[in-house]
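Same order as they appear, the protein sequences are chains A and B.
With positions in the first sequence counted from 1, the corresponding number in my numbering is that position plus 94.
With positions in the second sequence counted from 1, the corresponding number in my numbering is that position plus 30.
Don't read these hints as lab results, they were simulated from the structure.
Everything numeric in this text was worked out from a predicted model, so none of it was measured.
Any given hint could be a false lead.
[Stated by the list, open to error] Now the in silico label distances, taken between C-beta atoms and shown as ranges:
(1) B:Gly130 to A:Thr166: 41 to 51 Å
(2) A:Lys141 to B:Lys125: 21 to 31 Å
(3) A:Gly196 to B:Gly58: 17 to 27 Å
(4) A:Lys141 to B:Asp108: 42 to 52 Å
[To be verified] Here are a few chain B residues that sit away from chain A, every Cβ distance over 10 Å (derived from the structure):
(5) Glu48
(6) Met91
(7) Pro93
(8) Asp108
(9) Asp109
(10) Ser127
(11) Glu137
(12) Arg140
(13) Pro149
(14) Glu151
(15) Ala154
(16) Thr181
(17) Glu194
(18) Leu197
Using N, Cα and C, we set each Cβ at its ideal position, and we do this for glycine too.
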Amino acid sequence: MKKNGKLKKKGVACGPLLAGAMFLGSSLSGVQAEEVAVREWTSENGKFSVRASLESFEVIGSKVVLRRADETLVRVPLSRLSEADQAYVRDRNARSRAAERGREPVRLHGIEWQPEIEDALELAAGRPGPLDDQPVMWFRVLGQLDDGM
Amino acid sequence: MRTVSFSNKSVRKLLNNEFVNTFSNTTGDPTAGKSIWHSPDDSPGHCERGLGEQNVQTLFMTPEGKIFHAASGYLSPDDLLAEIRFAKGLFVRLKESGFGSKGLVREAHRERLKDLGYPEEEIAGAMSNDPFKAADLVQGVEGGSIFAGKTKKAVLAGNAFSIEHPLMDYRTFEEDPTVLVGKGSSAFVSQANGNAGSPGRTIQLPNLNREND
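In isolation and in its complexed conformation, chain A is listed as follows (with noise of 0.2 Å):
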């Protein structure tokens, strides 16, 4: 399926969803991606593979921008890839938006915490898991979390 982080396709080689992404427009209002793991991305309909990281997400256009193993980049629209990858990238995405606004969750009570509603909703959004979605619980209370009252 992948060899040396060129597509392939069950041995043969193909690859016309990431090759042809890679000449749609420039990078709009892109978002960096906040790490470069490593992972094995796959098409939506299952039958491309490639082991790449995220390099960014465009917001305008809904394009993905991948490192290869090669270090050459392709861009994929985010529909073409599968829906784990597309929660994937929405949770990259969301987390990296909360952190550019200055948002870090925060962790009390052994608990991690969306400073935000709006930040919270957004993950819930596109949180990788095996619903995809995912609830939100908000808790609201009279006085700071971490503070007496």
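Could you slot chain B onto chain A? The hints should help.
Then chain B, alone, in the frame of chain A:
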């Protein structure tokens, strides 16, 4: 409530792995209750479920910000775990239905109340704006305990909210939380530090010497 309710390992595991969690400080909200200030490490006193419904609310939402389950007031770790599990199960059913089924939310909560032993007239009374139809749940509670009655009423109110306002947008709720917490006032005091107070927030509640939120 923070320290006690989140002390359960299963609660923390479920919330971290299967939910996205967020919080709001309701200080200044006209519907928020009052609390005599006390330190987080004050020893907790005895507290019944549902007390302080205006001090703390636990709500569950879809990623679109639609509230599909709510519980007001203090929740013990076991109570919170039960609410989380119910919310998780309902969320799965909602997802399968495309998140748009208000009927599913209504029915799930109605079934839950019936399973908890609430008769139809109490459910109808909780959803009625007519104060004379609202059941006085102090009666019928073992020993006639006012706190047991309040617990029963809080559980009823939380579930009735989702029957009457299924999938309410969280922004709508923020504008008027009284649809869940009512228009009364609630307060907590600490068992260990009940006589301490921050400026402007000290109140006298000699009969409510109970655990913080």
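Here's how the hints hold up against the structure:
1. B:Gly130 to A:Thr166: 41 to 51 Å: For Gly130 of chain B and Thr166 of chain A the Cβ distance comes to about 43 Å; the hint holds.
2. A:Lys141 to B:Lys125: 21 to 31 Å: Holds - the Cβ-Cβ distance for Lys141 of chain A and Lys125 of chain B, about 27 Å, lies within 21 to 31 Å.
3. A:Gly196 to B:Gly58: 17 to 27 Å: 22 Å, holds
4. A:Lys141 to B:Asp108: 42 to 52 Å: The hinted range 42 to 52 Å holds for Lys141 of chain A and Asp108 of chain B, with Cβ atoms some 48 Å apart.
5. Glu48: Check fails; 7 Å does not lie beyond 10 Å.
6. Met91: 4 Å, violated
7. Pro93: 4 Å, violated
8. Asp108: Holds: least Cβ distance 16 Å, greater than 10 Å.
9. Asp109: 14 Å, holds
10. Ser127: Fine: 13 Å to the nearest Cβ keeps Ser127 of chain B off the interface.
11. Glu137: For Glu137 of chain B, whose nearest Cβ neighbour in chain A is about 18 Å away, the distance exceeds 10 Å, so it holds.
12. Arg140: 20 Å, holds
13. Pro149: 30 Å, holds
14. Glu151: 30 Å, holds
15. Ala154: 27 Å, holds
16. Thr181: 19 Å, holds
17. Glu194: Since the minimum Cβ distance to chain A is about 19 Å, Glu194 of chain B lies beyond 10 Å and the statement holds.
18. Leu197: 13 Å, holds
In summary, the numbered hints that this structure violates are 5, 6 and 7.
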